[in-house]
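There are 2 protein chains.
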Amino acid sequence: MNRPQFIERMIEIIKRMPGVGPKMAERLSYYILKMSENEVNGLVNSILKARQIMKICSICYNLSEHDPCYICSDPARDRDIVCIVETPQDLIAVSKVKDYKGLYFVLGGALSPLDAAGPDDIRIDSLIKRLESDNISEVIIATDTDSKGEITAVYLGELIKKLGIKVTRIGYGLPIGGDIEYADEVTISRAIAGRKEM
Amino acid sequence: MNRPQFIERMIEIIKRMPGVGPKMAERLSYYILKMSENEVNGLVNSILKARQIMKICSICYNLSEHDPCYICSDPARDRDIVCIVETPQDLIAVSKVKDYKGLYFVLGGALSPLDAAGPDDIRIDSLIKRLESDNISEVIIATDTDSKGEITAVYLGELIKKLGIKVTRIGYGLPIGGDIEYADEVTISRAIAGRKEM
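Protein chains in written order, with the working numbering: chain A, -17 to 180; chain C, -17 to 180.
Calculated from the structure, these hints are not laboratory results. Heads up, some of the hints might be wrong.
The list cannot tell twin chains apart, which means a pair is met if one copy fits it or any two copies do.
Unchecked claim - Simulated crosslink set (BS3-like; lysine-lysine; CA at most 25 Å straight-line):
hint	residue 1	residue 2
1	78	148
2	5	78
3	16	-3
4	148	111
5	31	-3
6	16	5
7	148	80
8	16	31
9	144	31
10	130	111
11	31	5
12	111	143
13	16	78
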């Protein structure tokens, strides 16, 4: 005897999400079935509204309600320093650090020779174009410190140095093999303070 | 610099789900923001449709597209034996066992003195009414084997024996402290085969 089709379908879709196994998908589905009308509407509307409002910043590729985003359009920020991150989540993690006042660039991933993810799969062309046209004096590479992030950092370091721009790699304080997104503010703050020229 | 409001709202709602921590909620939210239009519609529609279609069986309290549910309305099942479970998920787990052909009753939880969840918080009244009116020869109590499930089993065992009905507790094979929902089919099958009269 199997589960009713309408529950199975929901589990099927939720199971595809990152970090959600079959049992977790089942739990979440039954939880959603037990939620009040109000709560379900809140959930569904927050999803639909977020998708509707969301824009991708044409300068840094951050997610925002506006284009340019709230960071790129903030006149108080240093416009000659750019921090490169892999994802919008990483950008949020770094942006919690009060001592960094520069701009950002979201790569949209990392190079990964094993998964055949090459330079065309992330936003390297857009990055280089931006660095060539804007007046940038320093680029901080804050990709993850796992192997993909490191490969990406080395690759970008070489490219950016050729443009005559100072390149630093986020360094001190970040545990090796770590994911920037999960680092706490103090660690990120120390990593930025201890950055080294590449 | 904080996260845009529309993302924050989504994280806030998803964070309330069982087993979902703040980081997981963040991951899922960004994943949903990156999903294709088609995928998001699939997700939202599966939630709304499931909620719309879903009925609670007035006999056993299982979730189903129909009332009575697909199990209670199945003429091939033994109508004189009832298996009591805590949740619809537990029912699905037990229903995968081919050698059990009886009916079910979903309690909707377990007794929990510590959380002040007493007999009125689960469907004990409805259960007793059903057992009194239907012609039931045996009740198998398949509540979880954690302390709440055990307390509930003992409590129900006493009540049901007074009705002159044979009561058995699912037994052999189930690890102590376990959650029925997570047990595999073989374990559940053995537990049913090795059930003991209470």
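When no copy is named, should residue 16 and residue 5 be tagged within, between, both, or neither for a Cα gap of at most 25 Å? both (17 Å within a copy, 23 Å between copies)
With identical chains, the pair residue 16 and residue -3 could be close in the same copy or across copies; at 25 Å between alpha carbons, which is it: within, between, both, or neither? both (18 Å within a copy, 16 Å between copies)
One pair to classify: residue 111 and residue 143, alpha carbons no more than 25 Å apart. Within, between, both, or neither? This pair counts as within: shortest intra-copy Cα distance 14 Å, inter-copy 80 Å.
At most 25 Å between C-alpha atoms: does residue 31 with residue 5 qualify within a copy, between copies, both, or neither? between (28 Å within a copy, 21 Å between copies)
Copy assignment of residue 5 with residue 78, given that the CA separation must stay at most 25 Å: between (34 Å within a copy, 15 Å between copies)
First find the shortest C-alpha distance between residue 144 and residue 31 inside one copy, then the shortest across copies, and answer within, between, both or neither for a cut-off of 25 Å. For residue 144 and residue 31, the Cα distance exceeds 25 Å both inside one copy (43 Å) and across copies (56 Å).
Could you place residue 78 and residue 148 in one of the four classes (within, between, both, neither) given a Cα distance threshold of 25 Å? within (24 Å within a copy, 63 Å between copies)
Go through the copies and call it for residue 148 and residue 111: within, between, both or neither, with a Cα cutoff of 25 Å. For residue 148 and residue 111, the Cα distance is within 25 Å only inside one copy (16 Å; across copies 79 Å).
Can you give me the call for residue 16 and residue 31, within, between, both or neither, at a CA distance of at most 25 Å? both (23 Å within a copy, 14 Å between copies)
Give the relationship of residue 16 and residue 78 under a CA distance limit of 25 Å: within one copy only, between copies only, both, or neither. This pair counts as between: shortest inter-copy Cα distance 22 Å, intra-copy 36 Å.
Please sort residue 31 with residue -3 into within, between, both or neither, judging by C-alpha distance up to 25 Å. Answer is both; intra-copy 23 Å and inter-copy 18 Å each pass.
For residue 148 vs residue 80, is the C-alpha pair at or below 25 Å within one copy, between two copies, both, or neither? within (22 Å within a copy, 68 Å between copies)
Consistency note: the structure conflicts with earlier hint 9 alone.
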